[in-house]
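Enquirer: Here are the chains, one letter per residue:
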Amino acid sequence: MSEIRFEGVTKRFGAVTVFEDIDLTCPEHAYLCLLGPSGCGKTTLMRMVAGLESPDAGDVLIGGERVNDLSPAWRNVGMAFQNYALYPHLSVSENLAFPLRAPIRKGQMSEAEITRRTDEVAGLLRIAWLLDRPVGALSGGQQQRVALGRALIRNPPVLLLDEPVTHLDARLRYEMRAELKTLHARLGTTTIHVTHDQSEALAVADLIAVMNSGEIEQVGPPMAVYDDPRTAFVAGFVGDPPMSVIEVPVHPGGDGPRLTLGDSALTPPAAMSGLLDGRDRVLLGLRPAAVDLVAPDAPGAIAATVYAHEMVGRELQIMLSIGEGQVRYRTPEIRAVAVGEAVACAIDLDGARLFDAQTGIALTAGSDPAPGRAGAAMPETPRP
Amino acid sequence: MPRIEFDRVTKRYTADTTAVDALSLTVEDGLFLCILGPSGCGKSSSLRMLAGLESITEGEIRVDGRRINELEAGTRDFAMVFENYALYPHLDVQGNLAMPLIARRMPRRRIAERVAEVARTLRITEHLRKRPRQLSGGQRQRVGLGRAIIRDTRTFLMDEPLGHLEAYLRVQLRSEIRRLHERLGATTVYITHDQEEAAAVSDRIAVMSDGRLQQLGTLLALIDNPVNRFVAEFIGDLPIVILPAALSSDGLTTVLAVGESRLPLTPEQAHRLNGATGDRRAVDLGIRPRDVALHAEPAPDRIAATVSVTEPQGDATVIIAESPIGRISARVPSHGAPKAGDAVHAAIEIERLHVFDGDGRNLLHREAG
Chain H
44 MSEIRFEGVT KRFGAVTVFE DIDLTCPEHA YLCLLGPSGC GKTTLMRMVA GLESPDAGDV
104 LIGGERVNDL SPAWRNVGMA FQNYALYPHL SVSENLAFPL RAPIRKGQMS EAEITRRTDE
164 VAGLLRIAWL LDRPVGALSG GQQQRVALGR ALIRNPPVLL LDEPVTHLDA RLRYEMRAEL
224 KTLHARLGTT TIHVTHDQSE ALAVADLIAV MNSGEIEQVG PPMAVYDDPR TAFVAGFVGD
284 PPMSVIEVPV HPGGDGPRLT LGDSALTPPA AMSGLLDGRD RVLLGLRPAA VDLVAPDAPG
344 AIAATVYAHE MVGRELQIML SIGEGQVRYR TPEIRAVAVG EAVACAIDLD GARLFDAQTG
404 IALTAGSDPA PGRAGAAMPE TPRP
Chain B
6 MPRIEFDRVT KRYTADTTAV DALSLTVEDG LFLCILGPSG CGKSSSLRML AGLESITEGE
66 IRVDGRRINE LEAGTRDFAM VFENYALYPH LDVQGNLAMP LIARRMPRRR IAERVAEVAR
126 TLRITEHLRK RPRQLSGGQR QRVGLGRAII RDTRTFLMDE PLGHLEAYLR VQLRSEIRRL
186 HERLGATTVY ITHDQEEAAA VSDRIAVMSD GRLQQLGTLL ALIDNPVNRF VAEFIGDLPI
246 VILPAALSSD GLTTVLAVGE SRLPLTPEQA HRLNGATGDR RAVDLGIRPR DVALHAEPAP
306 DRIAATVSVT EPQGDATVII AESPIGRISA RVPSHGAPKA GDAVHAAIEI ERLHVFDGDG
366 RNLLHREAG
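Chains H and B, in that order, give the protein sequences.
The first sequence begins at 44 in the working numbering and counts up by one.
The second sequence begins at 6 in the working numbering and counts up by one.
One should not assume that every hint holds.
[As the list claims (entries may be wrong)] Away from chain H, derived, C-beta distances all over 12 Å, residues of chain B:
#	residue
1	L96
2	Q177
3	G264
[As the list claims (entries may be wrong)] Interface residues of chain B toward chain H, partial, derived using beta-carbon atoms under 8 Å:
#	residue
4	E75
5	H169
6	A172
7	S180
8	E187
9	P244
10	V314
11	P317
12	Q318
Everything labelled a hint here was simulated from the structure, so no lab data went into it.
A virtual CB, placed ideally from N, CA and C, is assigned to each residue, including glycine.
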């Protein structure tokens, strides 16, 4: 059994509380990504599983067993870091075998067994041809494979990965993340992977836990997190590009509430109207597909100005300022755009998401108008 | 604004280490040019020669037609922004911003006005009284940018200004840099290894490798019309797939044989290959994952493969599949995307494929015109 469970875990560094009362479960054989911006507490949380940090309150359980007081050496956890932490003067095979020859395990494994295991892991990671080379002579991608191999050499039931592909160039990053996924499908090792890259988390994980400022905002399968963000932070963080999240005033009208975008008042679809009752502000989450550029005299046209524009691959993305907020528009039609240019846009509210203006929590039919849990609202620095 | 020309500029550190090899490149007046390439490609050396921080071994750099090789760095009148912001730790933000103006003996009141204006532009007004160490990385980099724009500079040189910021901060600051450029209109040379950043900020991208300029163009041109395999592999948000193939022609149609599949080329492509295909000729086929569609049914012009990995990305999913001739990948809509273990047949958008010869030249490259 290698389920990993955090129960009411709190961590403080001096007067600073990193997180408080965290509950999170990574089921046995699952691949869980802890995703969030730097400083959100994700690495500290993972390090608790390895025993490199200890909780100030609460329990960390591996396979149902409380490990708070178990020394790191006895936890049977494999770990690979972003800076590899390899011995540059030792060969690949010596680096791989290092954990097997550690003093704590002296004499537990014969040299023949060590060689067999080293060859097996080298084969798995396709580095068999590098076994005799000193690690210092390898490329970044090769070193990352060695670090991964060393984490796997003891066949640990639990694997911890801290930004394992961050430092690799784009091409290798894609290659390695496919590799991680293939490896997990083969070995089924319960894995926690820490990253700030939402695209990586969506690509490799079975489960994503999105963290922000020491809070877990949402836990779920990648596409569930993408399709149905539970907080404004998740909406504005996950997706490439993510949703645009803007704060809009709500005005009561004779025939139902209206959303005010810049100079225009929009009538929300019927399903959304009920959610707006009794609110004077709301956070509106829009995917780029909900935003279109239209002629200024088109019905429902909203006045906007170009805040910024950029080419992303073969498409043009334009950030439009509407009132105080900004929304992203994308199109494959490339044309000249200038910052400050006046344009008109139409917004389709059908697929839009609403979040509480104070707590950032998603509004859904039947949701409590005053949610008890204090969610974090907007990202600390909203993405343009 | 100034026009900058590199004319066969070479930098050699020792007799046998050439960092920059006969670089010829013109940055038109008011243009935002990115020099993009992997580490060690010579991009930073090129910028440092322009700035006057490195000597020029051979060739000439001209600004508005005037040779500047011998000009002292301090007299070249470029504003520079580096990856490490190099702020004065003992001065607050206001003091850091004002420094270039104090050095130029600008009257106090004018300085105060300028600082307020720049702080507003970069949205750091509320941090003016803070020291650099009280700021986040993104805020510090804004101050670094502010210090560069505070005097009316006509040329910006930026060396990986967003290099060590986190992804989401980079995304935010790169649009600020672009906004600034459109407001000030200064000629800008910007160094980065990140193609997404290059595309977001610049008008033109110069791709360098091994000290040489490989190609100069817009992002779109680099994606769809790469001059060689290096550019094709370096550019593109998903790595291009390269498969061994053979070209043959029966006089009427030119066909690319990829494993068991036969891809008929368009007449225009055949024309550009210019009869180089009389015999069966070994080449490398390059396909971008966005130009591949996956089908359940086989066809003579589709490549059969088995899905090994699926990577959801929101509305789209990246599919990695193994074919007898090598690994292929495709970016397909998430709705109805195949699953690991599924048999798929990859249809390639013929107009978008690339053909490389043994030296890595793109045989289908069109000269810009």
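Enquirer: Confirm or reject each hint.
Expert: Verification of the supplied hints:
1. L96: Holds, since 24 Å exceeds 12 Å.
2. Q177: Label violated. Min Cβ-Cβ 5 Å, cutoff 12 Å.
3. G264: holds, 21 Å
4. E75: violated, 37 Å
5. H169: Constraint on B:H169 not satisfied, violated at 11 Å.
6. A172: holds, 6 Å
7. S180: Holds. Min distance 4 Å.
8. E187: Nearest chain H Cβ about 4 Å off; hint holds.
9. P244: Holds, about 5 Å.
10. V314: Holds - the Cβ of B:V314 comes within 8 Å of chain H, reaching about 5 Å at its closest.
11. P317: Since chain H brings a Cβ to about 5 Å from B:P317, closer than 8 Å, the hint holds.
12. Q318: Check passed: Cβ of B:Q318 comes within 6 Å of chain H, closer than 8 Å.
The structure is inconsistent with the numbered hints 2, 4, 5, although it conforms to all the rest.
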